[in-house]
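Colleague: Construct the entire structure; sequences and hints are all you get.
Given next are the chains, with one letter for each unit.
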Amino acid sequence: MSINLNVPNISNKPVDKCVTKLNAEDVNLFYGRFQALRKITLDIPSCAITAIIGPSGCGKSSLLRLFDRMNDLIPGVKVEGNIELDGIPIYAPKIDVVELRKRVGMVFQKPNPFPMSIYENVAFGPKRHGIKNRGEMDEIVEKSLRQAALWDEVKDKLGQSGLALSGGQQQRLCIARVLAVEPEVILMDEPCSALDPVATLKIEDLMQKLSEDYTIIIVTHNMQQAARVSDTAAFMMMEPDRAGVLVEYGPTAQLFTNPKDKRTEDYITGRFG
Amino acid sequence: MINMRTYNSRKITQRSAFVFLGLATFLTVLPVLFIIIYTIVQGGGALTWDFITQFPSLAGKAGGILPAIVGTFYLMLGTLVFALPIGVMAGIYLTEYAKENWLTKLINLAIINLAGVPSIVFGLFGLSVFVMAFHFGLSLLAASLTLACQALAMVITTSREALLAVPREYREGSLAIGVTKWQTVRHIVLPQAMPGIITGAVLAISRAAGETAPILVVGAAFLLPALPTSPLDQFMALPYHLYTVAAHVPNMPDGTMWAVALVLLIVVLSFDILAAAIRIKTRMRK
Numbered sequence: 004m005s006i007n008l009n010v011p012n013i014s015n016k017p018v019d020k021c022v023t024k025l026n027a028e029d030v031n032l033f034y035g036r037f038q039a040l041r042k043i044t045l046d047i048p049s050c051a052i053t054a055i056i057g058p059s060g061c062g063k064s065s066l067l068r069l070f071d072r073m074n075d076l077i078p079g080v081k082v083e084g085n086i087e088l089d090g091i092p093i094y095a096p097k098i099d100v101v102e103l104r105k106r107v108g109m110v111f112q113k114p115n116p117f118p119m120s121i122y123e124n125v126a127f128g129p130k131r132h133g134i135k136n137r138g139e140m141d142e143i144v145e146k147s148l149r150q151a152a153l154w155d156e157v158k159d160k161l162g163q164s165g166l167a168l169s170g171g172q173q174q175r176l177c178i179a180r181v182l183a184v185e186p187e188v189i190l191m192d193e194p195c196s197a198l199d200p201v202a203t204l205k206i207e208d209l210m211q212k213l214s215e216d217y218t219i220i221i222v223t224h225n226m227q228q229a230a231r232v233s234d235t236a237a238f239m240m241m242e243p244d245r246a247g248v249l250v251e252y253g254p255t256a257q258l259f260t261n262p263k264d265k266r267t268e269d270y271i272t273g274r275f276g
Numbered sequence: 024m025i026n027m028r029t030y031n032s033r034k035i036t037q038r039s040a041f042v043f044l045g046l047a048t049f050l051t052v053l054p055v056l057f058i059i060i061y062t063i064v065q066g067g068g069a070l071t072w073d074f075i076t077q078f079p080s081l082a083g084k085a086g087g088i089l090p091a092i093v094g095t096f097y098l099m100l101g102t103l104v105f106a107l108p109i110g111v112m113a114g115i116y117l118t119e120y121a122k123e124n125w126l127t128k129l130i131n132l133a134i135i136n137l138a139g140v141p142s143i144v145f146g147l148f149g150l151s152v153f154v155m156a157f158h159f160g161l162s163l164l165a166a167s168l169t170l171a172c173q174a175l176a177m178v179i180t181t182s183r184e185a186l187l188a189v190p191r192e193y194r195e196g197s198l199a200i201g202v203t204k205w206q207t208v209r210h211i212v213l214p215q216a217m218p219g220i221i222t223g224a225v226l227a228i229s230r231a232a233g234e235t236a237p238i239l240v241v242g243a244a245f246l247l248p249a250l251p252t253s254p255l256d257q258f259m260a261l262p263y264h265l266y267t268v269a270a271h272v273p274n275m276p277d278g279t280m281w282a283v284a285l286v287l288l289i290v291v292l293s294f295d296i297l298a299a300a301i302r303i304k305t306r307m308r309k
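Heads up: the sequence lines are chains A and B, in that order. Residues in the first sequence are numbered consecutively from 4, following the working numbering. Residues in the second sequence are numbered consecutively from 24, following the working numbering.
Think of the hints as simulated: they come from the structure by calculation, not from any bench. For glycine and all other residues, C-beta sits at the position ideal for the given N, C-alpha and C.
Here are the simulated DMTMM-like cross-link-like pairs (lysine to aspartate or glutamate), alpha carbons at most 20 Å apart as the crow flies: (1) A/K212 to A/E185; (2) B/K204 to A/D99; (3) A/K146 to A/E187; (4) A/K113 to A/D208; (5) B/K204 to B/E119; (6) A/K113 to A/E207; (7) B/K204 to B/E123; (8) A/K130 to B/E195; (9) A/K265 to A/E242; (10) A/K205 to A/D216; (11) A/K205 to A/E215; (12) B/K204 to A/E102; (13) B/K204 to A/E123; (14) A/K42 to A/D244; (15) B/K204 to B/E192; (16) A/K135 to A/E123; (17) A/K42 to A/E87; (18) B/K122 to A/D75; (19) A/K42 to A/E28; (20) A/K113 to B/E192; (21) A/K81 to A/D99; (22) A/K130 to A/E187; (23) B/K204 to A/D75; (24) A/K81 to B/E123; (25) A/K135 to A/E185; (26) A/K113 to B/E195; (27) A/K42 to A/E83.
Quick list of simulated restraints, FRET-style, between CB atoms: (28) A/Y34 to B/R209: 26 to 32 Å; (29) A/R245 to B/A156: 56 to 62 Å; (30) A/Y34 to B/L129: 23 to 29 Å; (31) A/I77 to B/A299: 35 to 41 Å; (32) A/S169 to B/E123: 37 to 43 Å; (33) A/N31 to B/V140: 47 to 53 Å; (34) B/K304 to A/Y34: 37 to 43 Å; (35) B/S293 to A/G133: 40 to 46 Å; (36) B/K304 to A/Q211: 41 to 47 Å; (37) A/I77 to B/R28: 54 to 60 Å; (38) A/R245 to B/E123: 19 to 25 Å; (39) A/H224 to B/E123: 29 to 35 Å.
Modeller: Dropping the structure here:
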């Protein structure tokens, strides 16, 4: 299943520079003997926010974590099929996973700032990647915090612990931390599920702004959120053996107003899940 | 309606349970308190400035115990130098890098058993390996290595616990922005685990400082004319000194003997307090 990217209704953004950023083809994912994903095929457009929705346990996060190979951390994991970033297979043996994760950053469900100052949190990635010059680092930190819409709130207390911030600020700090290493893709694994509605709205606004420069994929439980922020949406479900499958994928507006699959319609109208 | 009779009987059961549990707790503290107080009462009188700054004379019956104190500190230092880096590195490897397989399980089993090996067996091991096979002779070096072997189990175990206590979210957050595994361990995990690691190491060397059996056969001497000047020299140590004056010196004055015990107790307890202080200080900082 793949979508035609050069359709105007996919997004209100200019689509001329829109390309297939990531694509998965016939991907199976196993944790030991348990199959978590079955035959997943989809293209992720570069110019859009893609939402992955579906009931709990259907493999949304597993799918997301395929794109930065975070699943590799789980013992006994096995990936079949092909996943490409800009046309380059990321599960090929010669691929440097560290380099890949620099290009494909990740924001987690629970805000996880490091137990260090706000400045150090943002500077952590660039510093590890070899930037030593203090002035250059100051610029990166300010730019990243501005991009994450956090600068005005923290510019006078950069030396304070990142853990002292509120939940929503912590999550934006984590986004700034990802932005600081200048990724191309940002994966967000239910980034708002630990936040209150106001903080959630701020993150959603932020995502809209970031989507002008970054490819964003978000896993969310919240269908209103998917409808509000995403341009394309993927609906997943569990098969009887609990393996996750992709049921329907397409422009968000179409998926929510005119779903092609009966199961999508049932889920969206709240008949289950 | 509450049935008052069962209510009352349950209250009595609860009350008596608390009393018994409290009593059990008190009974565990009692011997420790008794030992400390008895040692102070018995040895306090003989514990003078001269006693801790002078060499012993008349087979330990008079004079001081300076060389035994110095020897014990050298031993602690030597143990720390060998046990800390090796133990921490092994701990990092086992927690962060080792895969779950039979070999790792075997290693874990070995470490648990290492802690259970009787200390005199470590002494004999040290004698045949460090003293004889490595030709270190009866020396501080051989004794430090022997005690380090014994301390390793504890250093590894506490290091692992400290490393495992670092939340997975920190590791993921770091790996997810293209930071290497080693950088993550070095800059995120280790700094977080450091207080726990240090606490474990301090406790391990304070235990080593109190050991008699392992050093008995690898270089501890009863009386030496001078302080050790090289790691290959023989040495005196507080627990061994105490053992000898208590068991082998006739007409040993009680006060002097207990004063040795008091000094040993102070050395060991002050390190335990240091470990507790590190723990409390880092907990407050968080």
